[in-house]
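K.L.:
Following the hints, put chain B in place on chain A, whose structure we already have.
Listed in order, the protein sequences are those of chains A and B.
At position 17 of the first sequence (counting the first as 1) the number is 33 in this note's numbering, and the numbers step up by one without a gap.
At position 145 of the second sequence (counting the first as 1) the number is 158 in this note's numbering, and the numbers step up by one without a gap.
Everything labelled a hint here was simulated from the structure, so no lab data went into it.
One should not assume that every hint holds.
[To be verified] Simulated coverage check for chain A against chain B, where a stretch passes if three residues somewhere in it have a Cβ under 8 Å from a Cβ of chain B:
1. 18 to 30
2. 68 to 81
3. 84 to 93
4. 96 to 110
Backbone N, C-alpha and C fix where the C-beta goes; we use that ideal spot for every residue, glycine too.
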Amino acid sequence: MDPLTAWLLICGLAVTSFVPRGSFILFLHRLPLPAVVQRGMRFVPAAVFAALVIPDIAFAGGALRLGLENPKLIAVLVAGPVAWRTRNTLATIVAGMAALHLADRLLV
Amino acid sequence: MLPVLPGVATFGVISGVAMVGSGMTPLAAMAMSAATYAGTAQLAALQLLAAGAPMVVILFAALVLNLRFALYSLSMAPHFRDATTPRKWLYSYLLSDNGYAHFITRYSTHPEEPGKVGYYLGACTVIWTVWQASTALGVAVGAGIPTEWRLEFTVTLTFFALGISVIRDKAMAVAAATAAITAVLAMGLPYRLGLLVAVAAGIAAGVAAERWTP
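If we strip away everything but chain A, and leave its shape as in the complex, we get (with noise of 0.2 Å):
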């Protein structure tokens, strides 16, 4: 990557990174939120981490993959208990890479 391309990109990449964080407690705090908009609020982190998560766990190699055959989704299918019942984050981790490996094993 030549130098010009990397701090164009470093600078871009602040400053598109920095605005939404802003948005609301910097520049927009003053802007009355409909009462539907507040209600919605609490359903964000739920909806947020379920689009990032599911998609990478469903697909495999640009294709939708829901069997047994994917071992992405063998590890959350024991993570998830596991993250259910603990409500901690290393152990869901430590579970579900100690499955993923696992089903990588047997699938081969």
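P.N.:
Frame of chain A, contents of chain B only:
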């Protein structure tokens, strides 16, 4: 220790490895990490750059991925109402998925609890430090980590665990399930716009479920 740190650290290492792997100098890589502090956008930008996408498209994709921060910002703004402007700049810069999730799971049920801004600053500073240190580690070891360890999956598992921990009632589960299904169906949309469509659908479904269930 914050339960999110192992995920933060692994993602940091992965992001550091990816930056030097795409041909950035260690200095540029650390500058990007400090100036951007948004792993998902950084990794996506590098992928697009490698695929030959023009800078405008790369930055637009990064902005789209970062729009979830605007939702967090909206959700956090009332908590920071009384802070000074320089402090608001700092709190904005430190806003992250993990920091937000950690704060909101603790304070959404007791919004009036005292000391919450200090708690936010403390947790976010720890997360930021661990992120930058692990990124530096990733930059230093470069491509030395075997890809068959599949460390990138720990990032997915972190968000998975966070997602499950924020689901507290039926309406929330409806929101998550709707967002998940929509995200899968909308995978074909360019620039990962599917993420935003899915979040919007999830929120709408959650609000509707809350209204129409007894």
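K.L.:
Does each hint hold? Answer for all of them.
P.N.:
How the hints compare with the structure:
1. By the rule of at least three residues with a Cβ nearer than 8 Å to a Cβ of chain B, the coverage given for the region 18 to 30 of chain A holds, with 11 such residues.
2. Check result for the region 68 to 81 of chain A against chain B: holds, 9 residues qualifying (beta carbon to beta carbon below 8 Å, three or more required).
3. Counting residues of the region 84 to 93 of chain A whose C-beta lies closer than 8 Å to any C-beta of chain B gives 3; at least three are required, and the coverage claim holds.
4. Coverage of a stretch by a chain is defined here by at least three residues with a beta carbon nearer than 8 Å to that chain's beta carbons; for the region 96 to 110 of chain A and chain B the count is 9, and the condition holds.
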